[in-house]
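Each chain is listed here by its residues.
Protein chains: 2
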Amino acid sequence: MKPTITLEYCPKCGWLLRSAWMAQELLTTFTDDVHGVLLQPSETSGLFSVRVDEQVIFDRKTAGRFPDIKELKQLVRDAVAPDKPLGHSDRKPA
Amino acid sequence: MKPTITLEYCPKCGWLLRSAWMAQELLTTFTDDVHGVLLQPSETSGLFSVRVDEQVIFDRKTAGRFPDIKELKQLVRDAVAPDKPLGHSDRKPA
Numbered sequence: 001m002k003p004t005i006t007l008e009y010c011p012k013c014g015w016l017l018r019s020a021w022m023a024q025e026l027l028t029t030f031t032d033d034v035h036g037v038l039l040q041p042s043e044t045s046g047l048f049s050v051r052v053d054e055q056v057i058f059d060r061k062t063a064g065r066f067p068d069i070k071e072l073k074q075l076v077r078d079a080v081a082p083d084k085p086l087g088h089s090d091r092k093p094a
Numbered sequence: 001m002k003p004t005i006t007l008e009y010c011p012k013c014g015w016l017l018r019s020a021w022m023a024q025e026l027l028t029t030f031t032d033d034v035h036g037v038l039l040q041p042s043e044t045s046g047l048f049s050v051r052v053d054e055q056v057i058f059d060r061k062t063a064g065r066f067p068d069i070k071e072l073k074q075l076v077r078d079a080v081a082p083d084k085p086l087g088h089s090d091r092k093p094a
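Same order as they appear, the protein sequences are chains A and B. Mapped onto UniProt numbering, the consecutive letters of the first sequence carry residue numbers 1 to 94. Mapped onto UniProt numbering, the consecutive letters of the second sequence carry residue numbers 1 to 94.
Take every hint as true, because none was put in to throw you off.
One copy or two, either will do: identical chains are not told apart, so a pair holds if it fits within one copy or between any two.
Computed cross-link-like contacts, EDC-like style, restricted to lysine to aspartate or glutamate with a CA-CA straight-line distance of at most 20 Å:
(1) Lys84 x Asp32
(2) Lys2 x Glu43
(3) Lys2 x Asp53
(4) Lys12 x Asp33
(5) Lys12 x Glu25
(6) Lys12 x Asp32
(7) Lys2 x Glu54
Simulated from the structure, these hints should not be mistaken for laboratory data.
So that you can see chain A by itself, here it is in the shape it has in the complex (with noise of 0.2 Å):
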């Protein structure tokens, strides 16, 4: 089973669409690397973190921030697809 991400958000915080986008941004770029991307009320306020199957690769809580959405994408490849190249998203070299 490939993995499934999970972006878990504060509905209370008006984050559904910051996290629908986000959703939308990663579905596109591994469409064929994941099972797919779950949406998930958090029932925490103020809660936002992005699981890989059950792991936590990002946590606001712990970042005191958004992740921008070319680091989200370097941290889901880093999890997901490590050999995939991510053009404009990724990482210029030292």
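Dock chain B against chain A, hints included.
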């Protein structure tokens, strides 16, 4: 565990956008009634189906069309929150 709604769609058909829109409609209406909505790219061409957990509540091949959003909300409501009124999206009395 609350039910998970799965929208399985054919990515090659370009159906991500309508599926993501439907996901947002469902998450807006059923925020507290569902575990989440899973957007799942299908490997089967032309497939569009909606499941509540494992139960298929709409299949494009069977229906010969896409659901309209009012119909989709009624189907989901009947499966996850049968007593929930849907306001404008509710059935008219016979």
